[in-house]
Each structure stands twice: as C-alpha cells, then as structure tokens.
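S.K.: The primary structure of each chain is shown beneath.
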Amino acid sequence: MMTSYACCPTDISRTPSRVFIVLRLFLGAVFIYASYDKILHPQAFAQAVYNYRILPDALVNLTALILPWLELLLGLCLAAGFWLPGATMISTGLLMIFIGSLAFNRMRGLDISCGCFATQNIEGPADLWTMVRDLIFLAVSIYLTLVVFFFRSADLQSSASKQPLQTRFRP
Amino acid sequence: MNRSFSISVQQSLWQIPALIALAVIIALGVNHWRSDGIPLVGDWSMEARFSDAAGESLIIELAQARRLFEEDDGVLFVDARLKSEYAQEHISGALSLPWQDADRYFAETAGRLESRKTIVAYCDGEDCDLSHELALFLKDMGFENVRVLVNGLTVWRKAGLPIETGN
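Protein chains in written order, with our numbering: chain A, 1 to 171; chain B, 172 to 338.
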C-alpha cells in the first residue's frame, strides 16, 4: 500500500480545479450568510423552527441554537478548504433535510411563514423559489462532496499541519 | 480514486462528530453568556405561544369572546388572514387586517380601530400565529386591550355563531 502510493498516485487531478474552488467559496459564503441572522435572533429562529411543526417541542430550541453555528462552521470550513470530507458530507446532509422539510410541509399544506395549515392553496411563488434555490445549493454541495471524496489526492485533503503522505514515504 | 475515497471516508468519520460537537459547545456557550439567550427547552405551550412581550397570555376564551360579541358594542374582531380567506368567510362584523400587509392596512383602518375598547384578533388553525403577531403589532401601536381568539374561525363556526362572507 505504501509503495504503490509513493510511486504512483492514482488520483486523476492533483490540483483542485477552478470550478471546484469557486463553488466551494460560493457554498461557504451561502452558509456563513445564512447563519448570521439566526445567530443574532435566536428566539425568532426558534419560532421559525417551531412553525415547521416537524420536531418535538422539546427539541425546537436546541435545534434553533445549534443549527446556525453548525452552518457558520460549515461555511468557514468550505471557504477555507478545511476538513472538507466532513464539511461536504454535513452540508449535503443538511441541505437534504432542509429540502425534505420544505417538501413535506408543502405536501401537507402547512404555511411555514405562520405555522398554519392553509385551507386553500395560498402559497406564493416565493416558497417555490426557496425550494429551487435550495436544490441548486444541494447540487453544488453534491458536486463538492463527490470531488472531495473521489478526486482529491490525500495531500490536498490533509490539514496544513500534516505532511503530504508522498513525501513521508519517500525512500 | 480509490485511495482518495477511503481516506476521505476515514477523515469524515471524525470530522463530522468534531464539527457537530464544536457547534454544540459554541452554541450553548454563547447562549449562556449573551443577554438575549433562549432556554434550552422552550415553552411552546399555547399560553406561552400566545403571550405578549411581558409574558402575559393574550388568549381569550370562546365563551368570553362570545359574550363580548353579543353584549359589548366596544369590541372589534380583527381577521389576521389574507383578504381572499376573509372574503370566503369571516366572523360577523370583523375587520380584515391581513398580517402579511399589516402596515398598509393599519393605516387604512386605524380610524375604525381607535374607537374600540377591546380588539380580538383571530385567524384559523390552532397553530396559526398570524393572530398573535397581529395582536403584538396592535399593542405596539398603542392599543391596550388586545386579545387573541385561538383557532378563531373554526371554533366560532363550530359554536354556530354568526359568520359572514364577502368584503
């Protein structure tokens, strides 16, 4: 295992492509921006989480407290290119959960802006746009995850303190 | 490609819990030290959800609302839902003040609101927060006696009390 890696790295690209970097920075910025208001106004965000009517009441506040900071950390990691395997996985997972929650509530006719079940379909174009927007973010996140997991050589994944594996095993 | 995958998987196995743990620690720490922190387990009971800034419940019971409707001329019911929903059906004599456009409609209706002793805001559905938001808004505007009839339209209709349609 050591010898084969030291001599012949099998990864296709050893330097990250420009597209990858731009999208990584973009998604990072999205998460950082998304977290800002929620961190500043925890009670308002808790109300928003409650209005989704998905989590049990007892978990609403904890989720409202932790989620924004997780988004901020994700955004920073993505932007800095730090801990990418973990960051991209969580990012993809979170976006899937967000979209799933939106779709679920859309299906059961819950208006999340007020937490009420609409007797008629009064959903505006704004709600559809939110889902489309999140789907775009999800696509970006999936792309980043795939690149990180399949196309990045180990020395680019490691954090700055670690030596590249190749130099470590060189005779 | 294979090598990259297994290393990434290994790294993600500790990075994921680490990121989550970091988020938890920072979140709880910041929440503890800030002046506007929230309780770790919130009170989402109906009384708590329908209270004002001071924590006092704004809820008015159906029986009391009915009595005001039948006996008190100084009461005004305010429908916090959209105009289209109001037009379909609303409590008799109620004023339409959609929360989504509260600023605009308030300017138009302020005259009618001012003379009233009691304002009862309502919407539809037990979890509907429009009436609550509207009540808080009206309180901010200076109205003192503002209450919320939870799930107003449905309980009113079920009790067989007067309902109107149209504008």
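Don't read these hints as lab results, they were simulated from the structure.
Don't be surprised by glycine CBs; every beta carbon is placed ideally from N, CA and C.
Wrong hints could be hidden among the right ones.
Unchecked claim - Computed from the model, here is a short list of chain A residues facing chain B with C-beta under 10 Å:
| no. | residue |
| --- | --- |
| 1 | H41 |
| 2 | I90 |
| 3 | R152 |
Said to hold, decoys possible - Derived SDA-like pairs (lysine to any residue); straight-line CA-CA distance at most 20 Å:
| no. | chain 1 | residue 1 | chain 2 | residue 2 |
| --- | --- | --- | --- | --- |
| 4 | B | K310 | B | A278 |
| 5 | A | K38 | B | H203 |
| 6 | A | K38 | B | L199 |
| 7 | A | K38 | B | S267 |
| 8 | B | K310 | A | I112 |
| 9 | A | K38 | B | G208 |
| 10 | A | K38 | B | E232 |
| 11 | A | K38 | B | P333 |
| 12 | A | K38 | B | V201 |
| 13 | B | K288 | B | L233 |
| 14 | A | K38 | B | G200 |
| 15 | B | K310 | B | E279 |
| 16 | B | K310 | B | T336 |
| 17 | A | K38 | B | L211 |
| 18 | B | K329 | B | L233 |
| 19 | B | K288 | B | K254 |
| 20 | B | K254 | A | S113 |
| 21 | B | K254 | A | I112 |
| 22 | A | K38 | B | A192 |
| 23 | B | K329 | B | E232 |
| 24 | B | K254 | B | S267 |
| 25 | B | K288 | B | R205 |
| 26 | B | K254 | A | G109 |
| 27 | A | K38 | B | I191 |
| 28 | B | K329 | B | L199 |
| 29 | B | K329 | B | R237 |
S.K.: Sort out which numbered hints this structure fails and list those numbers smallest first.
M.R.: When the structure is compared with the hints, numbers 7, 8, 10, 11, 16, 19, 25, 28 turn out to be violated.
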